[in-house]
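Q: Those protein sequences? They're chains R and D, same order as listed.
Counting along the first sequence from 1, when you hit position 254 you're at 254 in this note's numbering, and nothing is skipped either side.
Counting along the second sequence from 1, when you hit position 159 you're at 159 in this note's numbering, and nothing is skipped either side.
Not one of these hints is a red herring.
Since copy identity is lost for identical chains, a pair holds within one copy or between any two.
No more than 20 Å apart at the CA atoms, straight line, and that leaves these computed lysine to aspartate or glutamate pairs for DMTMM-like: (1) Lys114 to Glu198; (2) Lys239 to Glu186; (3) Lys239 to Glu207; (4) Lys210 to Glu186; (5) Lys239 to Glu229.
Read the hints as simulated data drawn from the structure, not as lab findings.
There are 2 protein chains.
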Amino acid sequence: MIENPFYSHEFHGEYDLVSIGRLDLEEGGCIPDCQLAVTTWGELNAAKDNAILITTWYSGTHQIWRDVYVGPEHALNPDRYFIVAINQIGSGLSTSPHNADGANADLAMSNFPKVRIGDDVVAQERLLREHFGIERLQLVVGGSMGAQQTYEWAVRFPDKVLRAAPIAGTAQNTPHDYLFAQALNEQFWSDPGWNGGEYKSNADVVEGIKRHAHIFAVMGFSTEFWKQEVWRALEFDSKEAFLAGFLEPYFTVMDPNDLLAMAWKWQHGDVTRHTAGDLAGALGRITAKTFVMPINEDMFFPVRDCRAEQELIAGSELRVVEDVLGHLGLFGVAPTYMPQIDQHLGELLATEV
Amino acid sequence: MIENPFYSHEFHGEYDLVSIGRLDLEEGGCIPDCQLAVTTWGELNAAKDNAILITTWYSGTHQIWRDVYVGPEHALNPDRYFIVAINQIGSGLSTSPHNADGANADLAMSNFPKVRIGDDVVAQERLLREHFGIERLQLVVGGSMGAQQTYEWAVRFPDKVLRAAPIAGTAQNTPHDYLFAQALNEQFWSDPGWNGGEYKSNADVVEGIKRHAHIFAVMGFSTEFWKQEVWRALEFDSKEAFLAGFLEPYFTVMDPNDLLAMAWKWQHGDVTRHTAGDLAGALGRITAKTFVMPINEDMFFPVRDCRAEQELIAGSELRVVEDVLGHLGLFGVAPTYMPQIDQHLGELLATEV
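My request is simple: use the sequences and hints to build the entire structure.
A: Shown next, in the form of C-alpha cells:
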C-alpha cells in the first residue's frame, strides 16, 4: 500500500469501514478481508423495509451523493428512507489497490486482482444483509458505473430490488465505452513514472493523470458544453483554466491503480454473464420497476444505447435527463439537473410495486 | 529532415512537387521555398474555367481522393473537369517538418513554424494562378481540415470560388475540437522517444502514435460503428484486430511533427480572422453556392455545429451525409457513402451560378 491523503475522512467526511470478510471473486482469487466504505442517512425502520442503496461511479464516492443528491429537499429523503451508499471496491475508500494491507497485503498495487461488477454487488448484498439486516431495497440507484451495479442488482437479485434507477449507464458495456476506458488507462501505463504499477506516490504519475483528465474533457462533457462555455458559470475565464483548475485537480489526487481497477470493472460490465450472452434474457429477469435515465448529451452512454436496453425491461420507462454538461452532468452542476432527478426518482418511489 | 519512406511516390503514386517560392506566414516568419505536392486529373480547357480544387485533411493526402472520390463514374469527373488536389503544408508530401531541407533546412522538425489554414489557401491560390493560370474555380471541396480550407477559400477569395462543398468540417474550429486535437497531440509529446521533436525516426515515437490512433478510434468512428461491429465488413474478427490491423498502421507510418503541424492548423482554423471575430460577417462574404455536408454520426464535427454555420451562408444548403462510420466515413468504406457524395456534388455542380 501507499499513503494517499485524499482517501480519508478529511476529504470524504463520515463513513464507516465495514468488513464483510473474505470475498471470492468471479475471475478467481479472493479479497481475504473485503472492507467496504459505507455512509448512511436516515433511520432504518423496524421492518427494515425502507432502505435505498446508492452505488458509486468511476472516480466518484458517496461524497457527491451526500453533497448533491441526498437531503430532505430531495427524492432521496433521509426523513423517509434509510439511505445507504456503498463505495465500490477499488474506489480508494473501500478495499483498493493503493490501500491493500494487513490481510490484503498480497493484493497491493499491481497485484490487485480483477474485480467484477458482480463481485461488488455480491459484497454489497452481504453487507446489507449481515450488517443491517436488510433483505429488500425500495430502490437501487447509481450513475455511470453505479448504473452498471444497479442493473446487476436487478438482474442478479430480482426479489431484493423493488425499484431501480440506472442513470447514465448501461447493463452491458458497449465496445465504444471499452475503447474509451482503454484510452484512459493507457495514459497511466505510458507514464514513465508508472513503473509497472509500483510507483511510490500517485504524484509520480501526475502527467499521465493529467492526460487522462484531458481525454475525459473531450468525452465527459458535451460538444455544446464547450461551445457554450458553460464553465464560465463555474467562475473560470478560459477552458484552459477550467481544465487546470477543475478537471485536472479532480483526478490528480486519485490513485491510478484504483482508477484502473474500476476501469477494468467498467469495461467488463455485462449482465448477460447470467444468461450466457442473452441480453433480452438477462434484462427479462428484472422485476423491479425501472426508470432508465440517460443524459441527453452523454457522449459515451448515448440515449440510444440506454433505450435499447430499456425496451427489454418489462414495465420500465425511459426518462431522459436533459443536461448540456453531458455525462458529467452527474456532478449536478447545472441548476436544472437535480429538479429532473428528483422528479423522476420521486415518481419512481411513489410507484406502487 | 529525416527519411520517411511513407511520403513517397511508392506509397502515394503520381504527384508533382511545385515550388511557389517564399511564403510569408500569418504567424510570422516564412517558408523560404514552399513546395506543394499536386495531383491533377483531366484537362484544363482553353478558357481555364473548368477547374475543381480538392483540399486535404489531417493525415490524409490526394491519395484517398484518387482512390475513392475521383473518376468518370463520380461527380468529380475528370472527363468534364480539371481536378487539382493540393496536399496541405505539413501533409508530409508538401513542405513539412520531417522533409524540410535545402532552403528550408532551418524549419526542420521542431523548428517548423506555425502555419495557418489561411497560409495554405494563399499558397494554393498562388499555385493555381501562377502554375496553371487558373483564376476561378468551379468548386472547392474538402473534408475535415479540407472543409476548413474550403471555407477559407470561399471567405478569403469570394470572387474565385463559384461553388463550395465543405464536408464534415467547420469554418470556425470548435473548442471541443481544439481539446480533442490537443489530447491527440499530447500522445506524441508524452512519448519518451519524442525528444523535444528531435527523434531520429517516427518509429521512436511509435507508442505515442498508437495511443493517438486509439483516441482516434473513440472519436473518429461513431458509437454505433463499434456496437454494430461494422469493422467485420473490413474482414477483421475483433475490434482489437481492427485497431492493430487498420487504425494503428494507418498512423504509425506517419511523422509526428507533420501531424502536429496539421493539428495546430486544425485547432486554430477560424474564418473570423477576416472579420475581427464576427462569424456572421465572415460567412456573409461567401458568394459561392455552398452545400454544407456534415456526416450524421460525426462525433467531433456534429451536424448542429455545421448547421449553425450553414444558416449564416446566403443561398446555402445543408446536405447531411448518413454514415454509421462517423467522421471516418470520409474514407468511403461504406458502400452507401459515395452515392450520397456524388448525388450532392453532382447537384451542386449542376447548379447555375
